[in-house]
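Fit chain Z to the given chain E structure using the hints.
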Amino acid sequence: MSERRVVVTGIGVISALGPDRAAFWEALSQGRSGIRPMESIDRQQFRFQNGAEVAGYDPRQHFDERLLGLTDRFAQFAIVAAREAVKQSGIEFAEPTRTAIVTGSCVGGQGAMDDAFVEMYKKGLPRVSPMMIPRVMANSGASQISMEFGVTGPAYTVSTACSSSNHAIGQAFHMVRHGLVDSAIAGGSEAVFSFGFLKAWEAMRVVSPDTCRPFSKDRRGLILGEGAAMLVLETLDAARARGALMLAEMVGFGMSSDAHHITQPSSDGAALAMAAAMRDGGIAREAVGYINAHGTGTAINDVTETAAIRKAFGAHADRIAVSSTKSMHGHAFGAAGAIEAAATILALAAGVIPPTANFTEADPQCDLDVVVNAARVAGVEIALSNSFAFGGLNAVIAFKSPSAL
Amino acid sequence: MSDDLITRVIHVIATTQHIPVETINPDSTFEQLKIDSLDGINILFALENEFNISIPDEDAKSLRTVREMAAGVEKLTTSV
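The listed protein sequences correspond, in order, to chains E and Z.
Every number in my numbering is 831 more than the matching position in the first sequence, counting from 1.
Every number in my numbering is 13 more than the matching position in the second sequence, counting from 1.
Hint data in this document are derived by calculation from the structure and do not stem from the laboratory.
Worth double-checking, as some hints may not be accurate.
In the EDC-like style, the derived pairs of lysine to aspartate or glutamate whose C-alpha atoms are separated by at most 20 angstroms in a straight line are [what the hints assert, rightly or not]:
(1) E/LYS1048 <-> E/ASP1149
(2) E/LYS1142 <-> E/ASP1099
(3) E/LYS1048 <-> Z/ASP72
(4) Z/LYS74 <-> E/ASP1194
(5) E/LYS1030 <-> Z/ASP52
(6) Z/LYS74 <-> E/GLU1033
(7) E/LYS1030 <-> Z/ASP70
(8) E/LYS1048 <-> E/GLU1192
In this text, all values refer to a predicted model and were calculated from it rather than measured experimentally.
The shape of chain E in the complex, shown without the other chains (with noise of 0.2 angstroms):
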């Protein structure tokens, strides 16, 4: 089949800086971080105390009973998320079976494991919910979502730690690229903040103990986060035919293996992806103005993903704005692609560049132009939003601005 052109046409985010798109776009646009304290664990038993939960999060408002019992905070996220997007696109899913849903996820319901293990291990009780499984599998946020809105096309969840979502944003569009379907609800969502995954990533020693300042020559590690984030994928042709608002087009996908550590990040596979990515979308590099930063503010992925830059760029890379929204959303692991895929689209659609927010000292082994704590207006026609995980999975996915259609 011939290649379609693939248009953004909805947005949904629930994370740290709000319950929906809009709180979440005017945090970033004002520079504003929602790290806080953490409260759903207790914070005397952590070497870190910070965290970007979603605040003020009341299942009750979303799910009635039978739902509520069905589904992990993760999955809810996911949930949310798809009917923020699914409202703003105004797609209606006539042809069911032609619309896909790939959503991403590092560890799925982990905490109704969690929970459902403490009952079992040290409240001494002989048997588990059997609603666990239901809440647990990393595919019940896509398994929702399809019988939500009854879409019986291809749907799965895809696992990559932190690339997860964008490996699920970039199947989904090559899938409608490809004429496989002709849209699709693609994203991805992640809950962490249960006691026993919280005690592994302190044992990781990667997480700050203040905030998260990525590519500032103080950074002290990256910030736990949650949420989701969906988009509504279609054909160009047919956001146009049904005068559909579009957000964004998405032009270019691109995947690399490092083949090098279990944690350690390089710099070629990163610098391999993002010229996958360009490959993808025939994009030549003097088009690319803004990079959304895997920029985890871990010491070692600012300066790696520097370098990657630079090897995929040239000469180019001193003049692209980089930041990482981290800074402000924090590092939702499986759903980071997902949310940062919705600031780079909103970014692009507004003309205005978040910032790295928290940044205190330029790093000479992070010399990009980075956007430093106050947002930018730029005019960017392609904007690169990159997602580097453990274990050396690489996803780059790229989109182009709607002034550009």
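Just chain Z now, with coordinates in the frame of chain E:
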């Protein structure tokens, strides 16, 4: 610093890294022992269990040799 403490630290490193105790001496650097960042945090985890201590992230960052690691453990065990 007692020889006993150094010996225990070396034993923890040998067990965690699956290398013979004889290949490690107090002045071995992590680089010489081919200990990367992930190995490093795994050793810290094993030391926390062995000595029943909690090692702060900032203290752990500057460690480069077995002796420095043992000195850090001694500081934490005697300050309790």
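Straight-line Cα separation of E/LYS1142 and E/ASP1099 no greater than 20 angstroms? Roughly 8 angstroms between the alpha carbons, so the hint for E/LYS1142 and E/ASP1099 holds.
Next pair to validate is E/LYS1030 with Z/ASP70; report whether the Cα-Cα distance is within 20 angstroms. The hint holds at about 13 angstroms.
Holds or violated: are the alpha carbons of Z/LYS74 and E/GLU1033 at most 20 angstroms from each other? holds, 14 angstroms
Decide if the proposed pair is consistent with the structure: E/LYS1030 and Z/ASP52, CA atoms, cutoff 20 angstroms inclusive. At roughly 18 angstroms apart (the allowed maximum being 20 angstroms), Z/ASP52 and E/LYS1030 satisfy the hint.
Regarding the pair E/LYS1048 and E/ASP1149, is the alpha-carbon distance no greater than 20 angstroms? holds, 19 angstroms
Under the criterion that the straight-line Cα-Cα distance not exceed 20 angstroms, is the pair Z/LYS74, E/ASP1194 satisfied? With Cα atoms ~19 angstroms apart, Z/LYS74 and E/ASP1194 stay inside 20 angstroms; holds.
Tell me if the straight-line CA distance from E/LYS1048 to E/GLU1192 falls inside 20 angstroms. Status holds; Cα separation ~5 angstroms.
Does the alpha-carbon distance linking E/LYS1048 and Z/ASP72 stay inside the 20 angstroms limit? Distance ~19 angstroms between E/LYS1048 and Z/ASP72 Cα, so the pair holds.
Of the numbered hints stated above, none is contradicted by the structure.
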